[in-house]
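What follows is the residue order along each chain.
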Amino acid sequence: MRRIRPLLGFVAILAAPCTVLARDSDRDVDAGEPASSSAPPKPFELRDRDRVVFLGNALIERELPFAYVEAALTQAHPLRTISFRNLGWSGDDVTGRARVGFDPPERGFALIEARLRESAPTVVVLAYGSNESFDGRAGLESFLTGFARILALVDALGARAIILSPLRHEDLGRPLPDPAEHNRDLALYVDALRELAEKRGDVFVDLFAPLGAQSATDPRVLLTDNGIHLTAYGYWRFAQHLASSLGARISRWSIDVDLERGSIAADGTRFRGARLGSDGVRFAAVDLALPWSPIPGDAPDGAARVAGRRLRIQGLAPGRWVVEADGRVIASDDAESFARGLDLKDDPAIARVEQLRRTIARKNFLFFCKWRPQNDTYLFLFRKHEQGDLASEVDQFEPLIAVEEARIAELRVPVEVSYVVRRATAEESAR
Amino acid sequence: MRHRRILRRMTVHFAACALTLVAAGELRAQRELREVPPPDIEQELAAFEVAEGFEVSLFAADPLLNKPIQMNFDAAGRLWVASSSLYPHLAPGDVPEDRVLILEDGDGDGRADSSTVFAEGLLMPTAVEPGDGGAYVANSTELVHLADTDGDGRADRRRVVLSGFGTEDTHHIIHTFRWGHDGFLYFNQSIYIHSHVETPHGVRRLDAGGIWQFRPATLELNVFVRGMVNGWGHAFDPWGQHFGTDGAYSEGILYFVPGASYFTAKNDEPKLQGLHRGTPKYCGLEIIDGEHLPEDWRGSMITNDFRAHRVVRYVIGEDGAGYAATLMPDVLRSSHVAFRPIDVKQGPDGAIYIADWYNPIIQHGEVSFRDERRNHVNGRIWRVTAKARPLTTRPQLVGASIGALLDELKSSRPWNRHFAKRVLAERPAAVVVTELERWIDALDASDPAFEHHLLEALWTRQTIRQPDGALVERVLRASDGRVRAAAVRALGHWLDAVPDGLSLLAALVMDDVPRVRLEAVRSLGRVRDPRAVELALGVLDRPMDGFLEYGLTTTVRDLRDVWLPALAGGTIDFGGNARQLSFALAAAGSPDVVGPIVGLLRARDVPLERRVSLLGVVAAVGKPADLALVFESALALAAEPSARTAAVEVLERLADAWAARGLAAPEDSARALALLHSDDPQLAASGCRLAGLWGVSGAVAPLRALAASRDSAVPLCRASLDALSVLASADARAALETLADDPRAPASLRHDAVAALAAVDPDAAAPRAVALLVGEPDPDSIDRLLRAFVRRQGGAGALASALAGKKVGQDIARIGLREARTTALVDASLVAALEAAGGFGGDAPSHSRSALLAAFAAEHAPGDPRRGEAVFRRESLRCQSCHAIGGSGGLIGPELSSLGASAPFDYVLDSLLEPDKAIKEGFHSLAIVTTRGEVHTGIKTRETAEAITLHDAEGNDVTIPRSRIVAETPGRSLMPSGLLDGLAAGEAIDLLRFLSELGRSPDFSVGRARFARSWRFLAGGLGRLAVLSPVEQARALADGRGFEWVPAYSRVDGRLPLVAGRGPSAGRGPDAGRGPSAAERTPRGDFAHALLEVTTPGAVGLELESGVAVELYVDGRASELDRAGRSEVELERGEHVVLVRFETPSAGAELRLALFDAGGSPARARFVGGR
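Top to bottom, those sequences are chains L and F.
Residues 14 to 444 in the working numbering are what the first sequence spells out, letter by letter.
Residues 511 to 1681 in the working numbering are what the second sequence spells out, letter by letter.
Derived by calculation from the structure, the hints in this document are not laboratory data.
Only a predicted model underlies this, so the values are computations on that prediction, with no experimental measurement involved.
Heads up, the beta-carbon is just placed ideally off N, CA and C, and yes, glycines get one too.
This list has only true hints and no planted wrong ones.
Okay, derived cross-link-like pairs now, BS3-like style, lysine-lysine, Cα gap no bigger than 30 angstroms in a straight line:
| # | chain 1 | residue 1 | chain 2 | residue 2 |
| --- | --- | --- | --- | --- |
| 1 | L | Lys-383 | F | Lys-1427 |
| 2 | F | Lys-1450 | L | Lys-397 |
| 3 | F | Lys-1427 | L | Lys-397 |
Interface residues of chain L toward chain F, partial, derived using beta-carbon atoms under 7 angstroms:
| # | residue |
| --- | --- |
| 4 | Ser-103 |
| 5 | Ile-241 |
| 6 | Asp-389 |
| 7 | Arg-396 |
| 8 | Gln-400 |
| 9 | Glu-406 |
| 10 | Gln-409 |
| 11 | Phe-410 |
Residues from chain L that face chain F, not an exhaustive set, calculated with beta carbons under 8 angstroms:
| # | residue |
| --- | --- |
| 12 | Ala-71 |
| 13 | Glu-74 |
| 14 | Arg-75 |
| 15 | Asp-105 |
| 16 | Gly-114 |
| 17 | Asn-144 |
| 18 | His-182 |
| 19 | Leu-189 |
| 20 | Pro-190 |
| 21 | His-242 |
| 22 | Cys-382 |
| 23 | Gln-387 |
| 24 | Thr-390 |
| 25 | Leu-403 |
| 26 | Leu-413 |
For reference, chain L alone in the conformation it holds in the complex:
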């Protein structure tokens, strides 16, 4: 069940106008230069051909099927080829403890190093500390030593580090544990990481303070269902927060038509061929970037939302009107509603961004199958003499990943959509 309500809860950090995308664009737009304001200088920017590797615990691993983060960073840079690899592992810590399998725990870091090298990162997003924080203050020093070792590795690979803080442990009430004490410990880790990032000049993304419910009395905008792991909605919020922290702007989309004045204005999209008349409006528009993924179905009531795709037409004759996109009716309402503005929830661009996200999730699954195949005991380890010939199958995932990545490259670029606003037929009005 979707709970999008137009123009509600438009969070402040998301409200900045969309201009950064315009710089990416080298295409000619015949009309409708978007309303924009110049952005402040960005401390961090994803570049063309960047390889972003996510390394960490279950915060990273569990993002795989949701793909909100990668979708956000991909759609924000439609003309840049940025690839992503997820090396998250549930229960992991800075020693690589969860990765060792049959090997002794001391091998963990070597495995982190090997996988990181293999994935040839230019940017490494690090998510560690939440598991270590259960050791409290006593565990802080060894955590920082281990974290520094990973950072040294990132430096040696010539990659830029992005340090994520642990999430706040949300209080979901009893019978789940009271996280107050754990959060005090977590805060120590957050502060230590911030300090470390500042000292090194790395990007630090605080997830602790800005995200999640601060206490049980907070408005119920919980991002987790167990206190520590993000839901789909949690990842959706996390993706926006991370993307904006990394300099990507949240795309906005609005078109304002005033039939009396004969004007049309666009934000976040470029239109051409506009025809405004008493029988309706038509124009073609190509967006600067895909819209945000729609809010997931598990979002709590009262959850913060992003702006919708707002089409406002003032001056339509009274009666029922419909909006067609590429020949398909996507909205229908009366003239007064059009004058206030409609949210085009069924816009083809929304379908496209969902398709992009599903494609990314598919790619993520294929990559997971490649680097963490089931039965690896038989493929690579001490029973490889039995099924080792199937190890070559693992390489067959590469072309499959390439196919999905080509599809991602195609999907991330917005395409032109033809819009027609016309009177509803009698049949449509009756519906």
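Got chain L sorted already, so can you dock chain F onto it with the hints?
Using the frame of chain L, we list chain F on its own:
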């Protein structure tokens, strides 16, 4: 070698191509290889043989379901099935599309009439358990909850509940979901899995196998038990006790004590053994009850011998604090190769439902994941019912009132009680509490089941997470010990909620019923308070048994970081009870116990047996100064004639510690020399070992004298030679050379001396070895001699050089080849040299795979399994030293009891031809080269920061300090390649026939009878006992000490072929020496013994069947046999020696010894198996 292997592969391909060309008649003959039967239901139904009084019918089959992996009922009586067609291995491009299905028998006619796809798009779901508005499903790395929020019967919401489970092997990933009586969701993972699960309570990790205990509402996740290989069975009895089975191990039914460790739990000592060792592997477990079943079936345990296509039944009885299991006649048996029963549940109608995975191939790793014989499509659920007995009516639980649900807790059917609690779990807890209190008040205290009803009430409170201290106290006062035992466990979970729970536990530790004591001891293990250990140790004042000792040891270990500091700080002192303190210190398994042990031994009089174990602990973990004290104590014991056995044990533990820890010799090491002169050969042998390890100066002369003495028995002689080689000094080497070169010395001594020399100077030893081998070698010493070279770095090469241009007997070359290949570091030059010296030349001795396959293809059942069994038992092949059948034989390689029923023929053949091609879980070897040039090969059983322990092909555990490890080479099988090389083609085919009949045909299946299968024959003469009467001989032989015994094993049918003693020429009696002085001593009779373990004392029945005259002695006392060959003997708890004296047998003589239940006796006993 490599070249030959490639050739073999090519012939296989050629053979495979040729197969398609042969006529249809010939194809029929290859049933075992290629012919997979059509998935015809009638054909499968016709192949069943059902227990008397029962019948089998089909409940559901494809297309209603495919490939069931686990099934569970819900409260509405619907059967949920997790199924996977992707299993066992996803192919690139495969989309996860596995499903969870719900089968429904709406009209109650015993056949499913609908199947709903509850969920799809899953990746190898290996378990499903309905609950909380949907179902919990195992989905590879995740445990997910799938919910149906709109009531259309299909999941529409998916929530990852836990993640981070390993997938190193898909037949080990999380599985076997079951709701417990206590409201926990239990689930298992198996040996290769490493899981790292983040919970709001912290990260929970489990490397290798175990059972998780999980409460979804609180997200508490703990490890309930650990170990096992692949345990897919888990069930609870009406008293809340947990039991299990293992699909890759052979201990039958497992009794799960909370927090216990079972076989394979790495580094966890001790381990709790299963209740029926030496069984086939079992999958699934259900405890059945209720009126539909005949009375003698109620309470039975049902599990599946999926390899042999049968469903089996056990009856469980009391055995002290634990249980004993008795195997009953089969429930169901099929001759259909694809019938694979893997899960079993009792239904709401009282019938037994069996999930049939339907697959001719079961193995996971041994057979290619892409083998075309694997079935990915079909699947069946069968239903077994008692003939002419009414089914029970399905209760209406969903939508029933709370009162009605509570009344179901009184039902005699476990199904009703279980699901009533499941439905109550989803009702408002406060209302349930109110009604439950009213329900309890209304219970009839005179009802025989009254106390069980109270227990159900207690479990209901646990299920809805509403602790009730008053109720638990009331249930603890029950007269039925089983009820009290269950209440103790609940108390252990509620200690925060029950005032003064600790003093309740203190009283329960002293309960009259041993299981209550065990539960109390284990519940105290949860209390992080030093007083808890003091209270638990109080149990020592009551009678103990193996289960209680295990439970107490586990509690002591669980809490050692709590009580050890308290003991050191003087906060606790165990009330000055030396028995308690010594138990705790011996059990703690911590280096911190040394100080307290030393204090205890100084201050108090500790019984001898306990003293030995405490000294052993100090030897294992103490500092050099502490070890000096151990040495001192051992010497003191050695001086007392009655304590010599104890002295030997302490000295050996001391020597083990020195060998494993790489310590410097003690200052007074020379005192070991005094032991060399002891008239006790074992004390002298221990002295030799220490003198060698410590490099005692002046040891060479006495060692050499001992080795050369005619009075030295073989074990002592070898101990002195080994000590000389460990000394490795120039004069020690010279002594070995002199012994080796002495033409007047007995041949066996010269062989042993060369072997000892090989370990220190292979170049000097090799020409001497070859000289012996081309001369008249001692047949009993050849393998030991050749092995010495393989186990020494550079030894194989030296021997190969010395063999150049020489000829040796083919038998010798075969033994050499076998030894050469029993290591991860096979020396190709030695293999070539032995082949040349034996005159084999190239490929000659090896059998080609294609020829053997062709022989099997040409004839329907070629070979004779009886002759094959004789080949298997040949000493020269040494199969039995590594492989057990029916639990008897070595435990180094896999148990073979059901090999024929489980493994495709080509797998068995490949295992013999190329042992490395497919190795079972846990049977991978490791070769370690030490700084001293030793090459150890074995299976890694223990690994610490200081040392690695290997279990070698001789069945010994060798601990190697890491500081001495130069190289580790993993991977190969311990089974030597080229095993068939020494066999004629007919013999090889007979052997293969025997192996492929194992567990398949009744004559070659280990049945239900409890035979003695592991034996020892008295080797050599009786020595000075020869002049005594048989009764006196038996008494003297009772503890076996000082005599040489050789292992022997019964055949699959339980009969032990009798062999006469080796006679005077072998001269291996204790004082026979090595010369002709023993010639005049002719044994007057021959002896064999088996060990009997009694766990609950009482009268034990023994039945001896033999074609020759026999006498039976138990612990040295004669036991009269009645005319049926039966005897009943009153026995205490512990191990007993059952000695059989038989007349020197003629060819073909054999005997068979079985256990039977003496009428009315509570005794529980089993023969000890193994090697």
